[in-house]
Amino acid sequence: RQESVESSSRGVVVVEQSGQGYYVVTPGLILLLGIPRVLSSTKLRSHTRRHADPREEEGWRRIYAKLLLNMAAATPNPPPLDQDTLRERLFTGGVTASRGSLSRCAQRYREFVERVLSTHEDPSSVTDEMTDEIEAAKQGLQRELRLHALEMRKLVLVAAASEAELSRYDSAQAQIESDTEACRAEIEELKMKLTHEKRVRRNREEYESLAKVANARPARRRTEQKLAQVKGQIESVKSEEARSAKELEVREKQFQLLMQSIFDLKANLAEDLKRKELGKRKRLNDGDEEKVDGANDGNAETCL
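The numbering used here puts the first residue of the sequence shown at 29, with every later residue one more than the last.
Where hints are given, some of them may not hold.
Claimed, not checked - Simulated crosslink set (BS3-like; lysine-lysine; CA at most 27 angstroms straight-line):
1. LYS294 to LYS304
2. LYS294 to LYS281
3. LYS254 to LYS240
4. LYS240 to LYS219
5. LYS281 to LYS302
6. LYS294 to LYS308
7. LYS281 to LYS266
8. LYS281 to LYS304
9. LYS266 to LYS254
10. LYS259 to LYS281
Stated by the list, open to error - What follows is a set of in silico ranges between Cβ atoms, one per label pair, in the way DEER data are often shown:
11. ASP110 to GLN135: 48 to 56 angstroms
12. LYS266 to ARG245: 38 to 46 angstroms
13. ASP198 to ARG227: 20 to 28 angstroms
14. GLU209 to GLU236: 35 to 43 angstroms
15. GLU268 to GLU236: 31 to 39 angstroms
16. LEU285 to LEU306: 29 to 37 angstroms
17. LEU218 to VAL258: 33 to 41 angstroms
18. VAL241 to PHE283: 53 to 61 angstroms
19. GLU280 to ARG309: 41 to 49 angstroms
20. ARG227 to GLU205: 28 to 36 angstroms
21. GLU205 to THR113: 27 to 35 angstroms
No lab work stands behind these hints: they were computed from the structure.
As the structure is a prediction and not an experimental result, all values here were calculated from the model.
Virtual Cβ for every residue (Gly too), placed ideally from N, Cα, C.
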């Protein structure tokens, strides 16, 4: 008889016995103590009274003990549950929800192991009914394992579908983000166009207001013509003023000359009168005063 017990880093435990039967246990199954493990395959050939050999019984007991110890040692601690996960489980599954397929597999495996161990406590008392119970427990465990495998396959398909849907959502999100960026760029461009159009409209309104003011005034050509006429009139007036100033200057000179002539004439007349008076006085001194006076008066009237 050859016995071997192996334990890997993943917690895979293989117990093999040449002869009547063997077990292969992998992570994911829940053992007697409630430790989670997955039982990938289990093959059992029910033990009958042919195992009544004490050495055979002792070997099986040692195998079971090593199996339980190694699988218990390879069991990792369960991950801690945060408040959000616990709340989600309470909301989705409820407190009194039915047990999952893995729990049912563990329960079936526990029942199976208990029946097998009960046969090894007293091999002489093993009956056909106990053998049938072990076989029924084996069949129930295999059925639960197949159901669990089906459930796992469903979960794998659901996970693959979720991954595909997530990838589609990612691509859709990327497309939405690109569309959003394009919309933002378009909005910025439209804002710039709106600002430009507002400026153009404001300039147009200012132009129209200035055009109204300009239309209310006379035309530039007419204004320029009138301005040219006024400038011509101003030039003519200036030339007339200059000519008048020259004439006035000449007249002033002539008037000054006239006044000077009048003054000279008066001075000459005064000198003549003085000379005449002196002559009259001389004649009066000569004794002919009355005649001289009459003659002087007549000359004075003639001069005036």
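Cross-check of the supplied hints:
1. Distance restraint check for LYS294 and LYS304: the Cα-Cα separation of roughly 15 angstroms lies within the 27 angstroms cut-off, and the hinted pair is therefore satisfied.
2. Simply put, LYS294 and LYS281 have alpha-carbon atoms about 20 angstroms apart, close enough for the 27 angstroms limit, and the pair holds.
3. For the hint pairing LYS254 with LYS240, the CA-to-CA distance comes to about 22 angstroms; that is within 27 angstroms, so the pair holds.
4. With a CA separation close to 31 angstroms, the supplied pair LYS240 and LYS219 exceeds the 27 angstroms bound.
5. Between the alpha carbons of LYS281 and LYS302 the distance comes to roughly 31 angstroms, so the proposed pair goes past 27 angstroms and is violated.
6. For a cut-off of 27 angstroms, the pair hint linking LYS294 to LYS308 stands: about 20 angstroms separates their Cα positions.
7. Restraint check for LYS281 and LYS266: satisfied, since their Cα atoms lie roughly 22 angstroms apart, inside the 27 angstroms limit.
8. Distance restraint check for LYS281 and LYS304: the Cα-Cα separation of roughly 34 angstroms exceeds the 27 angstroms cut-off, and the hinted pair is therefore not satisfied.
9. Our distance criterion of 27 angstroms between C-alpha atoms is met by LYS266 and LYS254, whose separation comes to about 18 angstroms.
10. Straight-line distance between C-alpha atoms of LYS259 and LYS281 comes to about 32 angstroms, which puts the hinted pair past the 27 angstroms bound.
11. For ASP110 paired with GLN135, a C-beta distance near 28 angstroms fails the hint of 48 to 56 angstroms.
12. At about 29 angstroms, the CB distance of LYS266 to ARG245 disagrees with the hint of 38 to 46 angstroms.
13. At roughly 44 angstroms, the beta carbons of ASP198 and ARG227 sit outside the given window of 20 to 28 angstroms.
14. A beta carbon spacing of about 40 angstroms between GLU209 and GLU236 agrees with the range 35 to 43 angstroms that was offered as a hint.
15. Taking the beta carbon of each, GLU268 and GLU236 are about 47 angstroms apart, not inside 31 to 39 angstroms as hinted.
16. Checked against the hint of 29 to 37 angstroms, the pair LEU285 and LEU306 passes, with Cβ atoms roughly 31 angstroms apart.
17. A beta carbon spacing of about 56 angstroms between LEU218 and VAL258 contradicts the range 33 to 41 angstroms that was offered as a hint.
18. As the Cβ distance of VAL241 to PHE283 is approximately 56 angstroms, the hint placing it in 53 to 61 angstroms holds.
19. A C-beta distance of roughly 43 angstroms is found between GLU280 and ARG309, which places it inside the suggested range of 41 to 49 angstroms.
20. The supplied range of 28 to 36 angstroms is met by ARG227 and GLU205, whose beta-carbon atoms lie about 33 angstroms from each other.
21. The supplied range of 27 to 35 angstroms is met by GLU205 and THR113, whose beta-carbon atoms lie about 30 angstroms from each other.
When the structure is compared with the earlier hints, violations turn up for hints 4, 5, 8, 10, 11, 12, 13, 15 and 17 and for no others.
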